[in-house]
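The numbers in the sequence shown follow this note's numbering, run straight up by one, and end at 765.
These are computed hints drawn from the structure, not numbers from a lab.
Accuracy of the hints is not assured; some may be wrong.
Simulated crosslink set (DSBU-like; lysine-lysine; CA at most 35 Å straight-line) [stated by the list, open to error]: (1) K262 with K90; (2) K578 with K530; (3) K640 with K765; (4) K471 with K530; (5) K730 with K304; (6) K262 with K206; (7) K206 with K488; (8) K304 with K90; (9) K578 with K488; (10) K488 with K471; (11) K652 with K640.
Now the in silico label distances, taken between C-beta atoms and shown as ranges [what the hints assert, rightly or not]: (12) K207 with R116: 53 to 63 Å; (13) E659 with R593: 21 to 31 Å; (14) R660 with D383: 32 to 42 Å; (15) E594 with R660: 21 to 31 Å; (16) A281 with R642: 37 to 47 Å.
Every residue, glycine too, gets a C-beta built ideally from N, C-alpha and C.
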Amino acid sequence: MSLATQNTNRLINEKSPYLLQHAHYPVDWYPWGQEAFDKARQEDKPIFLSVGYSTCHWCHVMERESFESEDVAEVLNKHFVPIKVDREERPDVDQIYMSVCQALTCSGGWPLTIMMTPDQRPFFAGTYFPKKASYGRPGLIEILEQIAQLWKSECHRLLEVGDQLTRHLQREATSSPGRLPPDILDKAYRLLERNYDATYGGFGAAPKFPTPHNLMFLLRYYQKTKQQKAVTMVEETLDAMHRGSIYDHIGFGFARYSVDRKWLVPHFEKMLYDNALLALAFLETYQVTGNPRFGRVAREISTYVLRDMTSPEGGFYSAEDADSEGVEGKFYVWQPQEVIDILGRVDGELFCRYYDITPGGNFEGSSIPNLIGQNPLQFAEELGISLEDLVEGLEKCRVRLFEEREKRIHPYKDDKILTSWNGLMIAAMARGARVFRSERYREAAERAAAFIFHKLRRPDGRLLARYRAGEAAYPAYLDDYAFLVWGLLELYEATFDPGYLEKAAGLTEDMIELFLDREHGGFFFYGKDSEQLISRPKEIYDGAIPSGNSVAAVNLFRLARLTGKTRFEELAHQQLKSFARELERYPAGYSFFMMAAYLFQEPPLEIVLSGKREDPDLRQMIHTVQRAFLPNAVMMVRYEGTDVDKLAEWLPLTKDKIPVEGKATAYICKNFACREPVTDSGQLQAALAK
């Protein structure tokens, strides 16, 4: 019997996959909660807080090295009260203590290691620590023993550090009001341009993260200024990421990030939020450029999500691990002979040449398929075949390799369903439904939204953050509300069901009530009805995912223009004022917030289509608008036979928009002035291009 099966701690009663991974180790873990804090106070012990998530590679490494170890457990259990937190369930806890780590060490990441007083005041922070000193890092046992000794002999010093850090956190939670300069979008663009990797795409040096909201901002900047380099940076980055091994060329979907500048070697975990945001970036780039390659990748991402990341009930799962069988990337790599055995000599060697699968490999002796430096047309010419025949043949080979790969032991799947990340994927699926006229994507988005409203809402209407194994828990955070509203707004413009708009407006009202800082503006990360921690942060940095404040600002502008409710417009303006000074310091770090600034600066475009539901001319008009990239637009449809007065309650612009001479009609208003209605799709397309 292994050590891991001889022990059971309090985590055994949790639903989090990450906490359950630690439920049978010798460390006497507690979940975050009053029981742990009371024990620490009663026994006068510091708290050892470890924060991670189930698909985190270095969390697994620290788990195997230290938390399975009896000697580490002995020190932790004797001198500390150990607490485990799943950052995806408790992003409020993670956000507060990650900011401590960044303040103390100028870096962050997971696993996050914090030591703090029984009243949750931190005095030590770091990330991964080996069991014994190595990699230039001190050993965990050594650190624990030193802190335990200090707690006994010089506790006052640690308490003083804890007080200072807590005051720092509370100061950081305040916002800096002001006014955004008129050239804020230009400044954000110039910073991104300066940081752009013109050789391999993306921004900055290794490790490289996708940051799709940077690309989405650049598309809007291009729309506003016609600065060609803005869209070129987007195209080159998406193309480079797709060519690299950060993209799964066999089964589709993107990994978390690339450890190198070329996008070759990924950190193999796949996250729902990355794939949602990247699907949106590829979709928007397809809308702007018309290049079918970008549309194809967006479809492939959706194929991956619907196949591997969708629950039978309709919600979307959170992530897939980097490791399988305890080895990072094992599921995804190939040897040439393995490919040849599956495909045969001729097809196998061709596939290996095309996808860089070599005897020496490109990752620890094996190969991750990639297309870096590959020229499909030139490759086809060398073979003496057409590009179409090459693509068709490679696709048949890919399908066979995928079928064989499915027989391997899969990476662990984190099957919890998070409201926030589902909101992002609902937005992506709904946008895909619009662009591709896809009933499948529309149904997926609607099923996920229905799942959230059925399973992740309390009877009093309060949104909850996490669902797993039949249990919904944790009062939802700002991100949950903002991201879900985003998804619902996209769903409205995919279906024109005003019920989605009504839900989006209702959730926004709840968000205002629960999270708004009525004194300084902006929205707090957790609600006034949630557990009150040592600080109440307001996040605006658009990191791996956009901040809730950024998305809320964009939502408020869109809702105001759809519903005509001035309160939403005023709050959107207040968002920009509340964080103006932070935004002005480095606007490229707030690229999603810059999309709200874009909506503030760009004249609004309102489009109302009117006609019979079954009229093919109306359907063509709808598709003409939906496939166009119109980031400053809101679109409404008034079908004949609907209750006009009821529809106008939510969409006042539809009230007097009737078909002209019984024909499907488009009404376009820009910058608060309406043009003559048009009754022809060609005229509509021309009008949208002006």
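Of the numbered hints stated earlier in the document, which are not met by this structure? 1, 4, 5, 6, 8 and 12
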